[in-house]
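So the protein sequences, as listed, match chains A and B.
Position 82 (the first sequence) corresponds to 82 in the numbering used here; numbering is contiguous.
Position 153 (the second sequence) corresponds to 153 in the numbering used here; numbering is contiguous.
Certain hints may be false.
Straight line, CA to CA, 25 Å or less: simulated DSS-like cross-link-like pairs of lysine-lysine [what the hints assert, rightly or not]: (1) B/6 / A/193; (2) B/170 / B/183; (3) A/183 / B/6.
Here are the computed distance ranges between Cβ atoms for each label pair [what the hints assert, rightly or not]: (4) B/153 / A/153: 52 to 62 Å; (5) B/190 / A/128: 19 to 29 Å; (6) B/116 / A/24: 25 to 35 Å; (7) A/149 / B/126: 19 to 29 Å; (8) B/115 / A/28: 51 to 61 Å.
Listing some non-contacts, in silico: residues in chain B with all C-beta distances to chain A over 12 Å [as the list claims (entries may be wrong)]: (9) 19; (10) 30; (11) 32; (12) 43; (13) 75; (14) 91; (15) 195; (16) 198.
These aren't lab readings, by the way, just hints derived from the structure by calculation.
All residues carry an ideal CB built from backbone N, CA and C; glycine is no exception.
Number of protein chains: 2
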Amino acid sequence: MAEKGKLIVISGPSGAGKSTVVNRAIQGRTDMCFSTSVTTRSPRPGEVDGKDYFFIDQEHFQQMVERGELLEHASYVAHSYGTPRAFVEKQMDDGYNVILDIEVQGARQVKEKMPEAVLIFILPPSMEELRRRLESRGTDSGDVIEARLLRAKEELKEASIYDYIIVNDKIDDAAADFAAILKAEHCRFAHRKHLLETF
Amino acid sequence: MAEKGKLIVISGPSGAGKSTVVNRAIQGRTDMCFSTSVTTRSPRPGEVDGKDYFFIDQEHFQQMVERGELLEHASYVAHSYGTPRAFVEKQMDDGYNVILDIEVQGARQVKEKMPEAVLIFILPPSMEELRRRLESRGTDSGDVIEARLLRAKEELKEASIYDYIIVNDKIDDAAADFAAILKAEHCRFAHRKHLLETF
Numbered sequence: 001m002a003e004k005g006k007l008i009v010i011s012g013p014s015g016a017g018k019s020t021v022v023n024r025a026i027q028g029r030t031d032m033c034f035s036t037s038v039t040t041r042s043p044r045p046g047e048v049d050g051k052d053y054f055f056i057d058q059e060h061f062q063q064m065v066e067r068g069e070l071l072e073h074a075s076y077v078a079h080s081y082g083t084p085r086a087f088v089e090k091q092m093d094d095g096y097n098v099i100l101d102i103e104v105q106g107a108r109q110v111k112e113k114m115p116e117a118v119l120i121f122i123l124p125p126s127m128e129e130l131r132r133r134l135e136s137r138g139t140d141s142g143d144v145i146e147a148r149l150l151r152a153k154e155e156l157k158e159a160s161i162y163d164y165i166i167v168n169d170k171i172d173d174a175a176a177d178f179a180a181i182l183k184a185e186h187c188r189f190a191h192r193k194h195l196l197e198t199f
Numbered sequence: 001m002a003e004k005g006k007l008i009v010i011s012g013p014s015g016a017g018k019s020t021v022v023n024r025a026i027q028g029r030t031d032m033c034f035s036t037s038v039t040t041r042s043p044r045p046g047e048v049d050g051k052d053y054f055f056i057d058q059e060h061f062q063q064m065v066e067r068g069e070l071l072e073h074a075s076y077v078a079h080s081y082g083t084p085r086a087f088v089e090k091q092m093d094d095g096y097n098v099i100l101d102i103e104v105q106g107a108r109q110v111k112e113k114m115p116e117a118v119l120i121f122i123l124p125p126s127m128e129e130l131r132r133r134l135e136s137r138g139t140d141s142g143d144v145i146e147a148r149l150l151r152a153k154e155e156l157k158e159a160s161i162y163d164y165i166i167v168n169d170k171i172d173d174a175a176a177d178f179a180a181i182l183k184a185e186h187c188r189f190a191h192r193k194h195l196l197e198t199f
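Next comes chain A alone, as it looks inside the complex:
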């Protein structure tokens, strides 16, 4: 039987390089997967139900919220998104470490509902470097960049709920930190105490 996986929540300012760090860290690993969210929006062309999202209607979504079946959820102007607890737990039971890339508010909800989740905050080396990265992308206007930097400062204030901080200065170091955290979390007393019972 595979060892039970962990739920890894990743947050961090836009431009900190979350996806790059995670993708580098999980390269070549077969014990990792991403969480699949439920959403009330319609599938876009090419999107597959159960792979990209679980597409559900508003009534079903509301039921899931009321029954506590979502680890976290958020509603935007027209649509709602959430993380289905049963799906995540099934993946963990199958031995997968499940990655959930969400914002601070969602991370807080997850921590309340699943305290054993591992919360990692990805930090850029400095605000100057964050600005440089956002500018060099060339996709955002000056106003949008200023808004992102302001938002980053707000997010940093909330970072104290996280278990770990990874500074994404050099991508290889950050990916190594991520892998080490994962390995260490599998050595946690709470994760391994069942071994003591066999003695």
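With chain A held as given, fit chain B onto it using these hints.
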């Protein structure tokens, strides 16, 4: 300035392979050191004060206990041993991860006095394997081996104070776990929160 080091407390039954794991894990690293104990016993030929031990008299030892200057201490028939807090903290401030190889009772004292210490319990893969290792050493009589196995069972009952369990089945895996724990602990929020202040 070097990043502050961590205090790593290692315990585990005799025969679990603590020293082997630690020595493999610190090979080639310049950021690790072992703690130096104070003791009231006399130096043996070749032992150097301040290197093997800090040799002090009983009165000085008692003073250190009363002033809370020892992270843990134990007295045996004729002599006393302890871990000097100031020495450990100096090493940590200089950027060293300090390794302290002690028994469960001592680990409990350290955790009370320095909650940020990282406690690792090294476990053999099974009691059968522990017995096999103790027998294959060829240094202990059957009675001593039985006593060690009984003692191991007692120690396991106390393991819940530890932060991590490393199973020493294959030495390379166990050393990798040790290194990962160390790296992860350096990413802990409490260890890195000062970085947020610079943003």
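Hints and how they fare:
no.	hint	in the structure
1	B/6 / A/193	24 Å, holds
2	B/170 / B/183	20 Å, holds
3	A/183 / B/6	18 Å, holds
4	B/153 / A/153: 52 to 62 Å	54 Å, holds
5	B/190 / A/128: 19 to 29 Å	26 Å, holds
6	B/116 / A/24: 25 to 35 Å	30 Å, holds
7	A/149 / B/126: 19 to 29 Å	55 Å, violated
8	B/115 / A/28: 51 to 61 Å	37 Å, violated
9	19	19 Å, holds
10	30	17 Å, holds
11	32	16 Å, holds
12	43	38 Å, holds
13	75	29 Å, holds
14	91	22 Å, holds
15	195	7 Å, violated
16	198	7 Å, violated
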